[in-house]
Amino acid sequence: MNYTYKVGCSIENLKGVRDFIRGSLKNHGVTDLEVSEIVLALDEMCSNLMIHAHHCNPDDLFELHITVKNSDPVIFEIIDDGTVFDINQFNEPALNNIIHEKRKGGLGIRLVKTIMDRIEYQKREGRNVCRLTKTVHFNS
Amino acid sequence: MIHIKRIQEDGADIVVLIGEIDASSSIELDLAIAKSVGEGFTRILIDCSALEYISSAGLGVFMSYIEEFKDRNVKMVLFGMSEKVANTFSILGLNELLQIGKDKIEAKQMVS
Chain H
0 MNYTYKVGCS
10 IENLKGVRDF
20 IRGSLKNHGV
30 TDLEVSEIVL
40 ALDEMCSNLM
50 IHAHHCNPDD
60 LFELHITVKN
70 SDPVIFEIID
80 DGTVFDINQF
90 NEPALNNIIH
100 EKRKGGLGIR
110 LVKTIMDRIE
120 YQKREGRNVC
130 RLTKTVHFNS
Chain V
0 MIHIKRIQED
10 GADIVVLIGE
20 IDASSSIELD
30 LAIAKSVGEG
40 FTRILIDCSA
50 LEYISSAGLG
60 VFMSYIEEFK
70 DRNVKMVLFG
80 MSEKVANTFS
90 ILGLNELLQI
100 GKDKIEAKQM
110 VS
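Residue numbers (numbering that gives the first Met the number 0), protein chains in the order written: chain H, 0 to 139; chain V, 0 to 111.
Okay, chain H solo, but in the shape it has when bound (with noise of 0.2 Å):
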């Protein structure tokens, strides 16, 4: 089964976002744990684009796209045109230095490579492709 939303780069869009995953994955009975730090990873990926390669503008778009295949792991790709920002090549500050500097950023991209099993990024047609997977256990 295959999920598609597409929307503008504002901040205020990120709600709904999550609610679009959460609907998408509690048709296929994913926990709701996992639910939830699905929903987590993602809406730091989208913040992300949204903020940084498309500076909020509501009317530059992107796709999210969600693959649910039988009990494999589930496919998460978003698609837009904007900057690629690699989040494999980005090392990520430790928490300690995260409190000394005061900073409100860096946990993000730490939460999205615990939650995820893999990013990847192609590009497609023209498009970046963010792909990022994982396995999910399905209640029967």
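Which chain V residues face chain H? A few, computed with CB under 8 Å, are given here: (1) GLY59; (2) ILE65; (3) GLU66.
Result set (DSSO-like, lysine-lysine): computed pairs, CA atoms no more than 27 Å apart in a straight line: (4) V:LYS83 with H:LYS25; (5) V:LYS4 with V:LYS103; (6) H:LYS122 with H:LYS133; (7) H:LYS133 with V:LYS83; (8) H:LYS68 with V:LYS83; (9) H:LYS68 with H:LYS5; (10) H:LYS5 with H:LYS25; (11) H:LYS14 with V:LYS83; (12) H:LYS14 with V:LYS4; (13) V:LYS101 with V:LYS4; (14) V:LYS4 with V:LYS83; (15) V:LYS83 with H:LYS112; (16) H:LYS112 with H:LYS133.
What the hints contain is simulated information worked out from the structure, not anything from laboratory work. Quantities reported herein were computed from a predicted structural model and do not represent experimental measurements. Beta carbons are placed, not taken as given, at the ideal position from N, Cα and C, and that holds for glycine.
We have chain H; now place chain V onto it with these hints.
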């Protein structure tokens, strides 16, 4: 998205979070805590019992006060978290860095 109320009980400031905190609303959490400190409160309780969701932007706000509160001898305790919200804090081990109580009674004991 987020409603924040402040209630004073026994000289402590209770900041009540209702709804969801994300990149668009974390500034309101930051302002509420800054206001509490600015008014001179040294015991701040964060009521999370109606907090439905918190993103890394919200976690970052709490983290950013740890050092300042240590220097100024301000005690902050979060309490009443749902299982999902508590899990968000524990994924990165922030539950070890912040003071988190079970309920208001325990939180009051922790700041006294």
